[in-house]
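Based on the sequences and whatever the hints tell you, model everything.
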Amino acid sequence: MKADKTGVLTGSHALTGNEACAEGALAAGCRFLGLYPIVPSIEVSKRFLQRAPEVGATFIQMEDEISALAAVIGASWTGKKSMTITSGPGLSLMMEHLGLGVMLETPCVVADIQMVGPGLGLPEHPAYGDMMQARWGSHGDYEIIALSPSSPQEMFDFTIKAFNLSERYRVPVAVMSDAYVAQLKETVVIPSAGEITIEPRRYFDGPSDSYLPFKRDEDLVPRMVDIGQGYRFHVTGLTHDDRGYPIMFEECQEYNVHPLVWKVRNYVEKIVDYQETSIDDADVVVISYGATARAAQKAVTQAREAGIKAGSLKLNTVWPFPEKKVAEVAKRVKAFVVPEMNFGQVVLEVERCSNGKTNILFLHHGDNGVEHTDGIIAAIKRASGANGVVGSTVELK
Amino acid sequence: MAVERIDDREIHPMENLLRMDRMPHIWCPTCGIGIAVTAFTAALEKAKIDPNMAAIVSGIGCTGRVAGYVKLDSFHTTHGRPIAFATGIKVANPKMKVIVFSGDGDLMAIGGNHFIHAARRNIDMLVVCVNNFIYAMTGGQVAPTTPLAAYATTSPYGCVEPPFNIPYIADSSGAVYVARYTALHVRRLTNALTEALNKKGFSVVEVISPCGMYYSRINRLGDGLDMMKFYHDNVEIRHGEDTKNLDIGFQTKIICGKFVDRERPSYMERYNQWLSEVKSTRKNLDAPKGAEGEG
Numbered sequence: 001m002k003a004d005k006t007g008v009l010t011g012s013h014a015l016t017g018n019e020a021c022a023e024g025a026l027a028a029g030c031r032f033l034g035l036y037p038i039v040p041s042i043e044v045s046k047r048f049l050q051r052a053p054e055v056g057a058t059f060i061q062m063e064d065e066i067s068a069l070a071a072v073i074g075a076s077w078t079g080k081k082s083m084t085i086t087s088g089p090g091l092s093l094m095m096e097h098l099g100l101g102v103m104l105e106t107p108c109v110v111a112d113i114q115m116v117g118p119g120l121g122l123p124e125h126p127a128y129g130d131m132m133q134a135r136w137g138s139h140g141d142y143e144i145i146a147l148s149p150s151s152p153q154e155m156f157d158f159t160i161k162a163f164n165l166s167e168r169y170r171v172p173v174a175v176m177s178d179a180y181v182a183q184l185k186e187t188v189v190i191p192s193a194g195e196i197t198i199e200p201r202r203y204f205d206g207p208s209d210s211y212l213p214f215k216r217d218e219d220l221v222p223r224m225v226d227i228g229q230g231y232r233f234h235v236t237g238l239t240h241d242d243r244g245y246p247i248m249f250e251e252c253q254e255y256n257v258h259p260l261v262w263k264v265r266n267y268v269e270k271i272v273d274y275q276e277t278s279i280d281d282a283d284v285v286v287i288s289y290g291a292t293a294r295a296a297q298k299a300v301t302q303a304r305e306a307g308i309k310a311g312s313l314k315l316n317t318v319w320p321f322p323e324k325k326v327a328e329v330a331k332r333v334k335a336f337v338v339p340e341m342n343f344g345q346v347v348l349e350v351e352r353c354s355n356g357k358t359n360i361l362f363l364h365h366g367d368n369g370v371e372h373t374d375g376i377i378a379a380i381k382r383a384s385g386a387n388g389v390v391g392s393t394v395e396l397k
Numbered sequence: 001m002a003v004e005r006i007d008d009r010e011i012h013p014m015e016n017l018l019r020m021d022r023m024p025h026i027w028c029p030t031c032g033i034g035i036a037v038t039a040f041t042a043a044l045e046k047a048k049i050d051p052n053m054a055a056i057v058s059g060i061g062c063t064g065r066v067a068g069y070v071k072l073d074s075f076h077t078t079h080g081r082p083i084a085f086a087t088g089i090k091v092a093n094p095k096m097k098v099i100v101f102s103g104d105g106d107l108m109a110i111g112g113n114h115f116i117h118a119a120r121r122n123i124d125m126l127v128v129c130v131n132n133f134i135y136a137m138t139g140g141q142v143a144p145t146t147p148l149a150a151y152a153t154t155s156p157y158g159c160v161e162p163p164f165n166i167p168y169i170a171d172s173s174g175a176v177y178v179a180r181y182t183a184l185h186v187r188r189l190t191n192a193l194t195e196a197l198n199k200k201g202f203s204v205v206e207v208i209s210p211c212g213m214y215y216s217r218i219n220r221l222g223d224g225l226d227m228m229k230f231y232h233d234n235v236e237i238r239h240g241e242d243t244k245n246l247d248i249g250f251q252t253k254i255i256c257g258k259f260v261d262r263e264r265p266s267y268m269e270r271y272n273q274w275l276s277e278v279k280s281t282r283k284n285l286d287a288p289k290g291a292e293g294e295g
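Residue numbers (the numbering used here), protein chains in the order written: chain A, 1 to 397; chain B, 1 to 295.
Derived by calculation from the structure, the hints in this document are not laboratory data.
These numbers were taken from a predicted model, which means no experiment stands behind them.
Check before you lean on any hint, since a few could be wrong.
Derived pair list, reagent style EDC-like, types lysine to aspartate or glutamate, alpha-carbon separation capped at 16 angstroms [said to hold, decoys possible]:
no.: 1; chain 1: B; residue 1: LYS95; chain 2: B; residue 2: GLU269
no.: 2; chain 1: A; residue 1: LYS331; chain 2: A; residue 2: ASP280
no.: 3; chain 1: B; residue 1: LYS279; chain 2: A; residue 2: GLU54
no.: 4; chain 1: A; residue 1: LYS309; chain 2: A; residue 2: ASP283
no.: 5; chain 1: A; residue 1: LYS5; chain 2: A; residue 2: GLU199
no.: 6; chain 1: A; residue 1: LYS325; chain 2: A; residue 2: ASP280
no.: 7; chain 1: B; residue 1: LYS95; chain 2: A; residue 2: ASP226
no.: 8; chain 1: B; residue 1: LYS71; chain 2: A; residue 2: ASP209
no.: 9; chain 1: A; residue 1: LYS325; chain 2: A; residue 2: GLU254
To spell it out: a stretch of chain A is covered by chain B in this simulated footprint if at least three of its residues, at any positions, have a beta carbon under 8 angstroms from a beta carbon of chain B; those stretches are [as the list claims (entries may be wrong)]:
no.: 10; segment: 89-95
no.: 11; segment: 153-161
no.: 12; segment: 229-241
Ideal Cβ placement from N, Cα and C applies to all residues, glycine included.
Right, dumping it as C-alpha cells:
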C-alpha cells in the first residue's frame with residue numbers, strides 16, 4: 001500500500017529532527033496525536049499541529065503523559081493511526097500504557113526525545129539513558145520494537161518505519177531519539193507518496209458474530225476491527241482468551257502472553273535493521289546508534305585514514321537487538337568499541353551476544369560534544385592493539 | 001472454556017445488550033453494581049442509543065468489570081485511566097457515544113486528575129461512577145469516598161480522611177449533567193441515565209451501592225437488604241440542590257437527585273470551531289505549504 005498523499009510534504013526541506021518526526025508521522029498516515037508537553041520533544045507537536053488542519057489529523061493535549069498514551073491507544077482502536085511524543089520523565093509515566101498497548105496489541109508509536117536524567121535532569125541536553133527502559137520499563141514479559149535515528153532524515157524515515165512495524169506486529173513501537181538529533185536542522189528529502197510504502201492495518205472482515213479479537217493468524221498476530229463497525233467486541237488488559245475475555249488461569253497466561261513475545265521474536269531477522277561499513281576486514285568494529293552513530297561513523301573513517309582497520313555497525317533498530325549479527329562479527333574482530341551517551345546500556349547486549357569471543361571497550365560518549373570523535377578514535381586505537389583478556393569489558397573514562 | 005447454554009433458560013430482557021456467555025458475573029450477593037448495569041442497559045434502550053455506535057470503557061475494580069459484561073465495543077483498561085482512554089476514542093471518532101463505567105476508587109483517587117480535566121474540557125461522554133465507599137476488589141481498603149470514622153481494612157480505627165463529594169467535584173470542574181441515586185432507586189436511576197445519555201457534554205451519574213462483603217460487614221451495618229432499608233429511610237430527593245451540600249457522612253442522610261443540567265460547548269464543538277477558524281485564516285499563519293507533486 002502506498003502513502004496517502006494528503007500527509008506527504010514531497011520535496012527537499014531544511015527540517016529539524018523534531019519537525020521531520022512530525023512529517024514522518026503524517027506521511028505514514030498518523031491522524032491522531034495525544035501529547036503532554038515536555039522539552040525537548042515538544043516541537044514535534046508544534047509541527048504536527050500546524051499541519052493538522054490541512055491533513056485532517058486530530059490532536060489533544062492531555063493532562064499528563066499517562067493519559068496521553070491512554071488516549072492514543074483508545075484512538076488507535078477507532079482505526080486512526082496514533083502516536084504520542086515525550087522525553088525522559090514522560091516516558092517513565094508512559095510505562096503503564098506501554099504495557100497496556102502490548103497486552104491489547106494496539107498499533108501505536110511513541111517518540112521519545114531523550115534528555116539527560118535521572119530525575120529532572122537536564123531537559124535540553126541529549127542523552128540515551130532511556131534505552132533499557134524502552135525495552136524493559138513496563139512490568140511483565142513482553143517484546144517491543146525500538147528504532148534509533150541519528151539524523152533528521154532518519155527521524156522522517158524511521159517514524160514511517162515505526163508505524164509500519166507497529167501495524168505489522170501490533171506492538172507499540174518506540175522511536176528513540178535525543179535532544180541533539182531533535183534540534184539539529186538538516187536537509188530532509190521527502191519522496192512522493194507513491195514512493196512511500198505503508199503497512200496497512202490487518203483487519204478482520206468476517207461476520208460480526210464470528211470476530212475473535214485475539215485469534216491469531218499463523219504468524220501469531222491477531223486481526224483488528226475498528227470501534228463503531230458493529231462488531232461489539234471486548235478487550236481487556238487482564239490475561240485473556242481469543243474472545244478477549246479475562247481468564248485467570250496459568251494456562252491462559254501461557255496461551256495469551258507467550259505469543260506476545262514470539263510474534264516478535266520469530267521475526268527478529270526481518271525486523272532488525274543495521275548499517276555496516278568496512279566490517280569485512282575490520283580488526284575493530286564500533287557499534288553505535290542514535291546521535292552517537294554520527295561521531296562513530298566519522299571516527300571509523302578517520303581511523304581508516306590513519307591505517308587502522310576499523311569498521312562501523314550502526315544499529316537502526318536497537319530492539320529487538322541484532323543478536324545474530326553481533327555474535328557473528330564478535331568471532332572475527334579483536335574488539336568492539338561501544339560508545340553510548342549513557343553509562344552503559346546497549347553495551348550489555350553487545351557483551352551478551354559476544355559471549356566472550358572478543359574484547360569490548362565501552363566509552364561514555366558525548367561529554368565533549370555529540371559529534372566529537374577524539375574519544376572514539378582513542379578507543380579504536382587502543383582496541384586495535386588489544387591483547388588483553390578476551391571477553392573482558394574495559395570502560396574508558 | 002466456552003460456557004454451555006441451557007436450552008430452557010429464561011431469556012434475560014437485556015440479553016441483546018449483555019454478554020450472556022460471560023454469566024454468571026463476578027459480583028458478590030447484595031452488591032449494587034448489577035442493578036446499576038441493569039439500569040444502564042435499560043437506559044441505553046430508552047435513550048435509543050445505537051449499540052453499534054456506543055463504546056464503554058472501564059478501569060479496574062469491581063465496577064471496572066462492567067465493560068466486560070456489556071455488549072458494546074468495550075474496553076477493560078488500566079486503573080484510573082478509563083476516562084483518558086475514552087477521551088482518545090471520542091476525539092478520534094466523535095460519532096461514537098462514549099460511556100465510562102467505573103468505581104469511586106478508580107475514578108476519584110488514581111483517576112481523579114483525568115476526571116476533573118475531562119469535565120473541564122467538557123468531553124462528550126457519560127461517566128457512571130458506582131460509589132460503594134470502599135476498595136472492594138482488593139479487600140476493603142479506605143477509599144477517597146469512605147465517610148469519616150467508617151472502618152476499612154486500612155482504617156482500623158476509623159477513617160481519618162474527609163471524603164470527596166463526587167457531585168461537587170463534577171459540578172465545579174465543569175460537568176454539564178450531575179445526578180446521584182442509590183441502587184434502591186432503579187426507576188429514577190434509569191431515567192437519570194437515559195437523560196444523561198442524551199445530554200451533550202460531560203455527564204456524571206453517581207450510583208451509591210451497597211457492599212455487603214466489605215463496607216457493611218466491616219462496619220457492622222448488616223447485609224445488602226439492611227443497606228437498602230437504610231437507603232429507603234435516609235435518602236432525601238432534592239433536585240437542584242447546591243452540590244456543596246452533598247457530603248456523605250457515616251450513616252447520615254444521603255441527598256439524591258439531579259443537581260446540574262446546563263449547557264456548555266463540548267470539547268469537539270470548540271475544537272471544530274478552532275479548526276474552521278484556522279482554515280479560514282490559514283494564510284496568516286506561518287505554516288508550511290501543503291503536499292505537492294505526486295500524481
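* Asked: Given the proposed pairing of LYS71(B) with ASP209(A), does the C-alpha separation stay at or below 16 angstroms?
  -> 12 angstroms, holds
* Does the segment 89-95 of chain A contain three or more residues whose Cβ lies closer than 8 angstroms to a Cβ of chain B? -> It is violated: at least three residues are needed, and the segment 89-95 of chain A offers just 0 whose Cβ sits closer than 8 angstroms to chain B.
* Given the hint that LYS279(B) pairs with GLU54(A), does the C-alpha gap stay at or below 16 angstroms? -> 8 angstroms, holds
* If you look at each residue in the segment 153-161 of chain A, do at least three have a Cβ nearer than 8 angstroms to any Cβ of chain B? -> This one is violated; 0 residues, fewer than the three required, reach chain B with a Cβ under 8 angstroms.
* Asked: Are the Cα positions of LYS95(B) and ASP226(A) separated by 16 angstroms at most?
  -> This hinted pair holds, its Cα atoms lying about 13 angstroms apart.
* To do: With a C-beta cutoff of 8 angstroms, work out whether three or more residues of the segment 229-241 of chain A approach chain B closely enough for the coverage to hold.
  => n = 11 at 8 angstroms, threshold three: holds.
* Is the Cα-Cα distance between LYS95(B) and GLU269(B) 16 angstroms or less? -> 13 angstroms, holds
* Are the Cα atoms of LYS325(A) and ASP280(A) separated by 16 angstroms or less? -> Status holds; Cα separation ~12 angstroms.
* Asked: Holds or violated: LYS5(A) with GLU199(A), Cα cutoff 16 angstroms?
  -> Since the Cα atoms of LYS5(A) and GLU199(A) sit roughly 15 angstroms apart, the hinted pair holds (cutoff 16 angstroms).
* Given the hinted pair LYS331(A) and ASP280(A), is their alpha-carbon gap at most 16 angstroms? -> Distance ~12 angstroms between LYS331(A) and ASP280(A) Cα, so the pair holds.
* Holds or violated: LYS309(A) to ASP283(A), with C-alpha atoms at most 16 angstroms apart -> Holds, at roughly 5 angstroms.
* Asked: Given the proposed pairing of LYS325(A) with GLU254(A), does the C-alpha separation stay at or below 16 angstroms?
  -> Violated, at roughly 30 angstroms.
Taken one by one, the earlier hints fail for this structure at numbers 9, 10, 11, listed in ascending order.
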